Amino acid sequence: MSELRPESIAALTDAVATASAERLPLEISGAGTKRGMGRPVEATHRLSLSALRGIMLYEPEELVISAHAGTTLIEIEQSLAQKGQQLAFEPPDWARLLGTAPGTQTIGGIVAANLAGPRRLTAGAARDHLLGFQAVSGRGELFKAGGRVVKNVTGFDLSKLLAGSFGTLAVMSEVTLKVLPRPERTATLLLLDQDAATAAGSMAAALGSSNEVSGAAWLPALLAQRVGVGEGAAVTALRFEGLDASVDFRLDALMGLIGGAASRLDGARSDDFWCRVRDAEPFGADPSRDVWRVSVAPLDGARLVAALPEAEAYLDWAGGLVWLALPAAPDGNSARIRQAKGPSGHATLVRAAADVRARVAVFEPEPAPLAALSRRVKASFDPLGILNPGRMVEGV
Amino acid sequence: MKMPTPDAAIVARRREIAAHLRTLLKPESVIDHEDERRVYESDGLTAYRQPPLIAVLPGSTAEVSAVMAYCQQEGIKIVPRGAGTSLSGGALPLADAITLGLGKLNRVIEVDLPNRAVTVQPGVTNLGITRAVEHAGFYYAPDPSSQIACTIGGNIAENSGGVHCLKYGLTTNNVLGLEFVLMNGDVLRIGGKHLDSGGYDLLGVLTGSEGLLGVVTEVTVRVLAKPAHLKAMMIGFPTSESAGDCVARIIAGGIIPAGMEMMDRPAIHAAEAFVRVGYPLDVEALLIVELDGPECEIDAYMARIEAIAGDCGAVSCRVSTTEAERLGFWAGRKAAFPAVGRISPDYLCMDGTIPRRRLSEVLARMEVLSQQYGLRVANVFHAGDGNLHPLILYDANQPGELDRCERFGADILRLCVEVGGVLTGEHGVGVEKRDLMPVMFNEQDLDHQMRLKCAFDPDHLLNPGKVFPQLRRCAELGHLHVHHGELAFPDLPRF
Ligand SMILES: Cc1cc2nc3c(=O)[nH]c(=O)nc-3n(C[C@H](O)[C@H](O)[C@H](O)COP(=O)(O)OP(=O)(O)OC[C@H]3O[C@@H](n4cnc5c(N)ncnc54)[C@H](O)[C@@H]3O)c2cc1C
Numbered sequence: 000m001s002e003l004r005p006e007s008i009a010a011l012t013d014a015v016a017t018a019s020a021e022r023l024p025l026e027i028s029g030a031g032t033k034r035g036m037g038r039p040v041e042a043t044h045r046l047s048l049s050a051l052r053g054i055m056l057y058e059p060e061e062l063v064i065s066a067h068a069g070t071t072l073i074e075i076e077q078s079l080a081q082k083g084q085q086l087a088f089e090p091p092d093w094a095r096l097l098g099t100a101p102g103t104q105t106i107g108g109i110v111a112a113n114l115a116g117p118r119r120l121t122a123g124a125a126r127d128h129l130l131g132f133q134a135v136s137g138r139g140e141l142f143k144a145g146g147r148v149v150k151n152v153t154g155f156d157l158s159k160l161l162a163g164s165f166g167t168l169a170v171m172s173e174v175t176l177k178v179l180p181r182p183e184r185t186a187t188l189l190l191l192d193q194d195a196a197t198a199a200g201s202m203a204a205a206l207g208s209s210n211e212v213s214g215a216a217w218l219p220a221l222l223a224q225r226v227g228v229g230e231g232a233a234v235t236a237l238r239f240e241g242l243d244a245s246v247d248f249r250l251d252a253l254m255g256l257i258g259g260a261a262s263r264l265d266g267a268r269s270d271d272f273w274c275r276v277r278d279a280e281p282f283g284a285d286p287s288r289d290v291w292r293v294s295v296a297p298l299d300g301a302r303l304v305a306a307l308p309e310a311e312a313y314l315d316w317a318g319g320l321v322w323l324a325l326p327a328a329p330d331g332n333s334a335r336i337r338q339a340k341g342p343s344g345h346a347t348l349v350r351a352a353a354d355v356r357a358r359v360a361v362f363e364p365e366p367a368p369l370a371a372l373s374r375r376v377k378a379s380f381d382p383l384g385i386l387n388p389g390r391m392v393e394g395v
Numbered sequence: 000m001k002m003p004t005p006d007a008a009i010v011a012r013r014r015e016i017a018a019h020l021r022t023l024l025k026p027e028s029v030i031d032h033e034d035e036r037r038v039y040e041s042d043g044l045t046a047y048r049q050p051p052l053i054a055v056l057p058g059s060t061a062e063v064s065a066v067m068a069y070c071q072q073e074g075i076k077i078v079p080r081g082a083g084t085s086l087s088g089g090a091l092p093l094a095d096a097i098t099l100g101l102g103k104l105n106r107v108i109e110v111d112l113p114n115r116a117v118t119v120q121p122g123v124t125n126l127g128i129t130r131a132v133e134h135a136g137f138y139y140a141p142d143p144s145s146q147i148a149c150t151i152g153g154n155i156a157e158n159s160g161g162v163h164c165l166k167y168g169l170t171t172n173n174v175l176g177l178e179f180v181l182m183n184g185d186v187l188r189i190g191g192k193h194l195d196s197g198g199y200d201l202l203g204v205l206t207g208s209e210g211l212l213g214v215v216t217e218v219t220v221r222v223l224a225k226p227a228h229l230k231a232m233m234i235g236f237p238t239s240e241s242a243g244d245c246v247a248r249i250i251a252g253g254i255i256p257a258g259m260e261m262m263d264r265p266a267i268h269a270a271e272a273f274v275r276v277g278y279p280l281d282v283e284a285l286l287i288v289e290l291d292g293p294e295c296e297i298d299a300y301m302a303r304i305e306a307i308a309g310d311c312g313a314v315s316c317r318v319s320t321t322e323a324e325r326l327g328f329w330a331g332r333k334a335a336f337p338a339v340g341r342i343s344p345d346y347l348c349m350d351g352t353i354p355r356r357r358l359s360e361v362l363a364r365m366e367v368l369s370q371q372y373g374l375r376v377a378n379v380f381h382a383g384d385g386n387l388h389p390l391i392l393y394d395a396n397q398p399g400e401l402d403r404c405e406r407f408g409a410d411i412l413r414l415c416v417e418v419g420g421v422l423t424g425e426h427g428v429g430v431e432k433r434d435l436m437p438v439m440f441n442e443q444d445l446d447h448q449m450r451l452k453c454a455f456d457p458d459h460l461l462n463p464g465k466v467f468p469q470l471r472r473c474a475e476l477g478h479l480h481v482h483h484g485e486l487a488f489p490d491l492p493r494f
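Protein sequence lines correspond, in order, to chains A and B.
Under numbering that gives the first Met the number 0, the first residue of the first sequence carries the number 0, and numbering increases by one thereafter.
Under numbering that gives the first Met the number 0, the first residue of the second sequence carries the number 0, and numbering increases by one thereafter.
No lab work stands behind these hints, which were simulated from the structure alone.
Predicted, not measured: the structure shown is a model, and the values here were computed from it.
C-beta: ideal position from N, C-alpha, C; glycine also.
It cannot be assumed that every hint is accurate.
What the hints assert, rightly or not - Which residues of chain A face chain B? A partial, calculated answer using Cβ under 8 Å:
1. Ala162
2. Gly241
3. Pro368
The following block holds chain A by itself, in its conformation from the complex (with noise of 0.2 Å):
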């Protein structure tokens, strides 16, 4: 396959502009690192952002940045750090659960992918954090959507509809994003030995009390030893965020709420913590299981768990994702967990070997009506099929 680095927003336009023209599919990536995610894509060529790096512009006090889509994650996080802010979504970085190089990973390909780590729960995910974007469509043209300030509904919200669509309906050149001060304190706490269900009332408790928890997991005893916690116990994690009289105050207000043993982890502790919830970590290292990742009601959570028990499982966002890793099966265990999970809520194929990933629906199929829409949508901004075919749904 040869591969298409275009240095510069013309550059970009023209290769998709000469795809277009002589209908040749072109697989889109930016360092590569989710391209054993989602189905694989036949195409001649690959088109890489990498080139197309760079901030250009970062206003703090507007709590907005926008970047090349080639910029690597490391460097736009490491821009904010300085001014004491983040991404809220908290984007994970799933490398290792992938098995390529971490810390490479790049904006553009975190936004395609719609990724959002445990935050999501109360700060959303990639999309409620696109102001808008720059892109370049299958028809070879360059266009943009959305603004540079948080508050926008001029126009169709292209946006949504761009995060998460893993490249098949434009090209991202440019990303503008949201961002939000850095917490000034982390703690979590964590209640000692709880199954899934209990769990599961816990994380309902804490979320429906006034106490603000950003984050709230629950890992059985095996897969917490896993990230070194827990002493042998499994754990139900929630996290504070914010100010320190007001975290401490929080986490003794829930403590009373919930009671039980317990036992708490404080700033790097708990950063470090999430980081392993947000990156699958528990999974890393054994590649020969498949991953899905199901997001559920958050009550549902739990009871997959217990429909699964051949499946190593963790719960994240309170319970509504379920994080699953089965020994590998011909149809990536694909029948098993859809019919378990029933018919509300997502599943997704996140790590499988290729040839399964090609053979299943990688995510959730769905029903006629509105499959027929998305494809109408996908025609809409990629008439003739050239970016990313197949990379959602086979033939599409």
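Based on these hints, arrange chain B with the ligand on the given structure of chain A.
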């Protein structure tokens, strides 16, 4: 403002169409009598009036679907309508279109507190959602000032905001699931009680689509636990520059208040005359900052904000000591529109967003424009997120004054875009800002948006004449302008 020329053939068929609609809906849900149609002739943008061809009030998703499928088949246009509070003319009827009122779909379907999700029909009011959960200590965060009246369906269509959106996000950040009907009558569901789904984020793109993509028939939103405490502070400044500076420094200092609102002198005076809540009258700008959370946190932040305000030259600062006092601080702000309505026969509410640091410059240039056009303006401002609401005072009974007011408004919005902002922060483009879209977007930008419209509504039957200055046929938009062999690829190897 030019609306698309009505299709005389459709208008001539009013009786026949109404008769057919009565076979699809309960007869009393079809309104074709002239006096009754007039009820729907306008929305919150009262300068424009046009009774609809017919108004229908379906009572179920199935009825919405039946009406839409029939209209698609017959080539009849549809304008969806919630409570009709849109300030951009989004629900303005068309002479040859059916106004589809969602008001009868006003049931709360499910309150699921353990999952913190509430499912309602689109005609439930914004405040109605909070009312359904407040007994248990929950609330729905986006709070437009019109929340008593406006519907959640309208909020979805406009992606509405409110004073608490600074911390809790706009409608789009608080919606979990939708049921909607396409123009062809197909009923689709997206999302649910869970967060992000795979696949294209149609939920995200439907939100803020101003009724152009589909009719929303069911909504699931997330609700939040009420904060432990709320306190507000009211800070007076000698200049709007110093107030703007204070806002920037609060945010740069790492504080995101629950709400941060600014009013200028004319708005302060109008509000105080109306509600008498003790606003200082000797300041040029008033900042209302609300903080929520545990008391220790509120007090710590307030001390910091007071110090920042002092550095910025604040001349007065009051902290609410009781809930009644806090509500008093807000009463003036929340009543700013009607308060201005009392000092002027008519007013036009603008809605641009600007980068906050350009505030004083924008206010100064707006003052110059105000002199030029000979029209007064009062400003209320969602200062935390840079969303300006200049209220231009005019008198529609004076010949030419509405026109002058609109030209003034357009100049303000051009100014917002010029300084790096946008045409509308929360009220939508509608008909009001439609013709200004090219100020922000070039033809290619707009074509990509319109092609999305074509994926949902290929015949442009749903709410036409809104948002886009010029509707191009979908077939034409679909054309690929590929000039084979004429493209230049100087720095790229040929494939
Ligand atoms: C005094 C006053 C204060 C206001 N304050 C604020 C504020 O603080 N923040 C803010 O954001 N807005 C504010 N608004 C504007 C307005 O209230 C919002 O835009 C609101 O969301 C409109 O809701 P509605 O039910 O009245 O919708 P309508 O005005 O009836 O319709 C608005 C748009 O939505 C479409 N629509 C309505 N229902 C549906 C549906 N079910 N499916 C598809 N499309 C639909 C219509 O076609 C139209 O385009 C204010 C308005 C007034 C009059």
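Here is how each hint holds up against the structure:
no.	hint	result
1	Ala162	6 Å, holds
2	Gly241	6 Å, holds
3	Pro368	5 Å, holds
Figure legend: structure checked against the earlier numbered hints; every hint is met.
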